[in-house]
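Here's the letter readout for the chains.
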Amino acid sequence: MTPLEQVAIEELPAAIAYLKQAFAKQNPDAPEPPDEDVILAYNTAYKSSVAKDDAWTAAHPE
Amino acid sequence: MSWIGSIIYAIMIVLAGVTMATSTEGCGGLRAPIHLGSVAKQDWYKTRVIKALDVIRDTAQDGNAVHKPDGSPFISTGTARKVTKWHRSTLVVMDAAGSGWQAAVEKALDELPSDLTPAEAQEFTPWIVAAKAILKEVTQ
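Chains as they are written, first to last, in our numbering: chain A, 282 to 343; chain B, 87 to 226.
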């Protein structure tokens with residue numbers, strides 16, 4: 282097994298869990314989120330993901 | 087590619103296939119709620135794409151954090167840095183692209199393998215395929 286395959290195996294559960302959640306049937310009785318909540322969720326996901334990139338880059342200078 | 091790599095690759099291709107096979111309105115969590123305005127709808131889809139791109143980034147960074155018995159990382163720092171820079175750049179472009187964000191992300195996913203060695207590119211292929219499947223799903 283190559284090192285990358287080992288890493289892939291470790292990441293596979295998270296990837297499968299995400300895809301399962303993404304394709305889980307929506308509960309028709311669940312309240313639909315308002316626009317502002319969806320927009321906030323996107324901005325939060327974007328900023329936290331970019332922040333993680335910046336933190337890793339700062340911790341691993343060239 | 088080893089047999090384990092082939093299995094992982096096959097699993098990811100199957101997951102990508104399931105993604106496309108279940109792409110009917112109201113059938114899955116990737117479909118945006120129908121009441122959302124146009125901006126919120128696109129943000130809904132972009133949030134899901136971010137998560138798929140994060141898997142690629144996290145694979146690189148986590149692989150760099152784990153070390154082989156000889157002390158070297160499973161994924162070199164140089165490779166993890168390339169993928170991290172690619173990931174950040176793709177998110178920034180996606181955020182700034184407006185209505186053409188899907189094409190911009192697809193282009194970035196196509197370009198990532200060319201920035202890696204063939205062996206590295208092959209290892210990231212399943213995650214790139216899965217991200218493209220999700221992108222296609224939210225583009226329909």
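The reader is advised that the hints may include incorrect statements.
To be verified - Distance condition first, Cα-Cα at most 20 Å in a straight line; then the derived SDA-like pairs of lysine to any residue:
| id | chain 1 | residue 1 | chain 2 | residue 2 |
| --- | --- | --- | --- | --- |
| 1 | B | Lys-171 | A | Pro-294 |
| 2 | B | Lys-218 | A | His-341 |
| 3 | B | Lys-171 | B | Asp-156 |
| 4 | B | Lys-218 | A | Ala-339 |
| 5 | A | Lys-328 | B | Asp-140 |
| 6 | A | Lys-328 | B | Lys-222 |
| 7 | B | Lys-137 | B | Trp-187 |
| 8 | B | Lys-222 | B | Pro-155 |
| 9 | B | Lys-218 | B | Pro-159 |
| 10 | A | Lys-328 | B | Ala-205 |
| 11 | B | Lys-127 | A | Ala-339 |
| 12 | B | Lys-218 | B | Thr-163 |
| 13 | B | Lys-137 | A | Val-331 |
| 14 | B | Lys-218 | B | His-153 |
| 15 | B | Lys-218 | A | Tyr-327 |
| 16 | B | Lys-137 | A | Ile-290 |
| 17 | B | Lys-127 | B | Lys-168 |
| 18 | B | Lys-168 | B | Pro-119 |
| 19 | B | Lys-171 | A | Ile-290 |
| 20 | B | Lys-218 | A | Ala-326 |
| 21 | B | Lys-168 | A | Ala-339 |
| 22 | A | Lys-333 | B | Val-178 |
Just so you know, the hints here were simulated from the structure itself, not pulled from any lab data.
Hint check:
Taking the CA atoms of Lys-171 (chain B) and Pro-294 (chain A), the gap is near 25 Å; set against the 20 Å cutoff, the hint is violated. For the proposed pair Lys-218 (chain B) and His-341 (chain A), the alpha carbon gap of about 28 Å is over 20 Å, so the pair is violated. At most 20 Å may separate the alpha-carbon atoms for a hinted pair to count; Lys-171 (chain B) and Asp-156 (chain B) exceed this at roughly 27 Å. Of the pairs offered as hints, the one joining Lys-218 (chain B) and Ala-339 (chain A) is violated, with about 29 Å between alpha carbons and a cut-off of 20 Å exceeded.
Proximity of Lys-328 (chain A) to Asp-140 (chain B) is assessed by CA-CA distance (about 12 Å); at most 20 Å being required, the pair is judged to hold. For the hint pairing Lys-328 (chain A) with Lys-222 (chain B), the CA-to-CA distance comes to about 24 Å; that exceeds 20 Å, so the pair is violated. Under the criterion of a C-alpha separation no larger than 20 Å, the hint pairing Lys-137 (chain B) with Trp-187 (chain B) is consistent with the structure, at around 15 Å. With a CA separation close to 40 Å, the supplied pair Lys-222 (chain B) and Pro-155 (chain B) exceeds the 20 Å bound.
Taken as a hint, the Lys-218 (chain B) and Pro-159 (chain B) pair is broken in the structure, with Cα atoms around 28 Å apart against an allowance of 20 Å. Proposed proximity of Lys-328 (chain A) and Ala-205 (chain B) is contradicted: the alpha carbons are some 31 Å apart, above 20 Å. The suggested pairing of Lys-127 (chain B) with Ala-339 (chain A) is violated, with an alpha-carbon distance near 34 Å, which exceeds 20 Å. Of the pairs offered as hints, the one joining Lys-218 (chain B) and Thr-163 (chain B) is violated, with about 25 Å between alpha carbons and a cut-off of 20 Å exceeded.
Between Lys-137 (chain B) and Val-331 (chain A) the alpha-carbon distance is near 12 Å, which keeps this suggested pair within the 20 Å criterion. Between the alpha carbons of Lys-218 (chain B) and His-153 (chain B) the distance comes to roughly 30 Å, so the proposed pair goes past 20 Å and is violated. For the suggested pair Lys-218 (chain B) and Tyr-327 (chain A), the alpha carbons sit about 18 Å apart, so the restraint of at most 20 Å is met. The hinted pair formed by Lys-137 (chain B) and Ile-290 (chain A) meets the criterion: a straight-line CA distance of about 18 Å does not exceed 20 Å.
Note on Lys-127 (chain B) and Lys-168 (chain B): the hinted pairing is violated, with a Cα-Cα distance of about 31 Å set against a maximum of 20 Å. For a cut-off of 20 Å, the pair hint linking Lys-168 (chain B) to Pro-119 (chain B) is broken: about 36 Å separates their Cα positions. Simply put, Lys-171 (chain B) and Ile-290 (chain A) have alpha-carbon atoms about 23 Å apart, too far for the 20 Å limit, and the pair is violated. Simply put, Lys-218 (chain B) and Ala-326 (chain A) have alpha-carbon atoms about 19 Å apart, close enough for the 20 Å limit, and the pair holds.
Between Lys-168 (chain B) and Ala-339 (chain A), the direct Cα distance comes to roughly 14 Å. Compliance with the 20 Å bound is thereby established for this hinted pair. About 13 Å separates the Cα atoms of Lys-333 (chain A) and Val-178 (chain B), which keeps this hinted pair within 20 Å; it holds.
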